[in-house]
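Here are the chains, one letter per residue:
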Amino acid sequence: MSTPFYVSPQQAMADRAEYARKGIARGRSVVVLTYADGIVFVAENTSRALHKVSEIYDRIAFAAVGRYNEFENLRIGGVRYADLRGYSYDRADVNARGLANVYAQTLGTIFSSTGEKPYEVELIVAEVGKNPGDDQIYRLTPDGSVVDEHSSVAVGGNAESIASYLDQRHEEGLSLPEALKLAVDSLARDPNGGAARTMTPDQLEVAVLDRGRWQQRKFKRLLGTQLARLLEGDASAATDDEAAPAAGEEAAPDAE
Amino acid sequence: MEAYLSGTGRLPAAFLKPGSSSFLEFLADHQPELLPGRRTLPAGVQPLEAPHGTTIVSATFDGGVVLAGDRRATMGNIIAQRDIEKVFPADEYSAVGIAGAAGLAVEMVRLFQLELEHYEKIEGTSLSLEGKANRLTTMIRGNLGMAMQGLAVVPMFAGYDLEQGRGRIFTYDVTGGRSEETGFATVGSGSLFAKGSLKKLYRSDLTAEGAATVAIQALYDAADDDSATGGPDLTRRIFPIVSVITEEGFRRLADAEVGELAEAVLGHRLSQPDGPQAPML
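Protein chains in written order, with my numbering: chain E, 1 to 256; chain C, 1001 to 1281.
Hints listed in this document are in silico derivations from the structure and should not be mistaken for laboratory results.
All values reported here derive from a predicted model rather than from experimental measurement.
Fair warning: there could be bad hints in the mix.
[What the hints assert, rightly or not] Pairs of lysine to aspartate or glutamate residues, derived as EDC-like cross-links and limited to a Cα-Cα distance of at most 20 Å, are as follows:
id : chain 1 : residue 1 : chain 2 : residue 2
1  : C       : Lys1195   : C       : Glu1181
2  : E       : Lys220    : C       : Glu1120
3  : C       : Lys1017   : E       : Glu120
4  : E       : Lys220    : C       : Glu1092
[Said to hold, decoys possible] Chain C is faced by these chain E residues, among others (derived, beta-carbon under 10 Å):
id : residue
5  : Asn73
6  : Arg75
7  : Val79
8  : Tyr81
9  : Thr109
10 : Glu149
11 : Arg217
[As the list claims (entries may be wrong)] For the chain C half of the interface with chain E, some residues (derived, Cβ under 7 Å), not all of them:
id : residue
12 : Ala1013
13 : Leu1114
14 : Leu1162
In this text, a Cβ means the ideal position worked out from N, Cα and C, and glycines have one as well.
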């Protein structure tokens, strides 16, 4: 009879963390930062169909890096969770903290269960508040830890160097073009100190949670010419197709 | 909340199951008791008396469609509510109006709105207008048991078809039978009178404002002859809900706008109580 091979719990967990970390480090990064009117999500992503940034609920959005099938599953689970909660209580009762908690429990359980391989994903759940002070950004790591982030965060390949670049330069009250420029600059940097790459709108997936939108759902993708104009610093492009109802008209009553 | 997170706080398997983009299917799978039509009523009980919503009218115009409803809910001979809302946005390009058991109908609308939004979020694209109309069929069919106990819900669905570039109207029967209407449609207890009125007033070259006026005329005629339909209430400033759906999306007319149209209609009725007269030949 052979003796079972002993692996210390510390070693087992370290191996799993290392496995997940390697999977995440292979992918390109996503950055999320606050600006004056909300939260902007910028991902390096050439695909128009496979999104790294998506809407979860009225004020909540989701960004992820790592293995697509795993984070896509978590995204769908999050949408179902939010919609079910909003349906059984009220739309106002769905918040990012609750969602981050559920994701943390899910990731944590999978991480420490020996029967399952750890998820190779890192997630960001963000909620735009009524005022800049109420914005919330949570980062979730594959082992189920939740980090309450402030103002800017990066996940993915060179997350650490991007995050420190953002930390040094990000300030409160940036305009959307300024925030976008900072995000793109941080993604385009060469971590080894070489020349920065040039990034075209085709290589970027950009979305905002804009607290100024009159619609109940604050999430909006920035695409095509609108994105190109914003990247050139044209602040007027931010509100281009936001034809709010004229004075005297009522906004569509809240869809429940 | 914890009730559906199965103890550990972790998302249950049903949440992470790939495949379905339908919130209804997810609910039927995970928490069927939340579906409005799944509740079983005790057998052999007399039909319940519950508030019922009444008349909804709809008319297309060049470039869109108008969906409007009166504001009365009745329970037998009692007016249960005089400012009920029976016309709702379903999503950005469609609206749904409801007649029948108000409590069930409003819940069905909430679920329908969520169904469309859920699909949009999961798939990243909207359903076609026909697809939306079909989802509503499924929901009405699920309510058949309730309908047989006297709690029928009969909605009307109207929307702007972005592919065909025109407004379209769909009506339903209690079994979920769906039919597309041309020009105009009515549903609810006052629908016969409203339909007669629309027949004489509707023209295919209406503007959005014209279609809204015609809808208000039809609701007035319905209220004139059907006790369960409410007319414009000038003292309380309660006016019908009128929604307009065009290429630009859903828009509910403000009370002030509807009030102006309703006052114009009433003004003419002072001299002609039966409303505008159509030529004999």
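_Hints violated by the structure (listed by number, smallest first)_ = Per hint list: 10, 12 and 14 violated.
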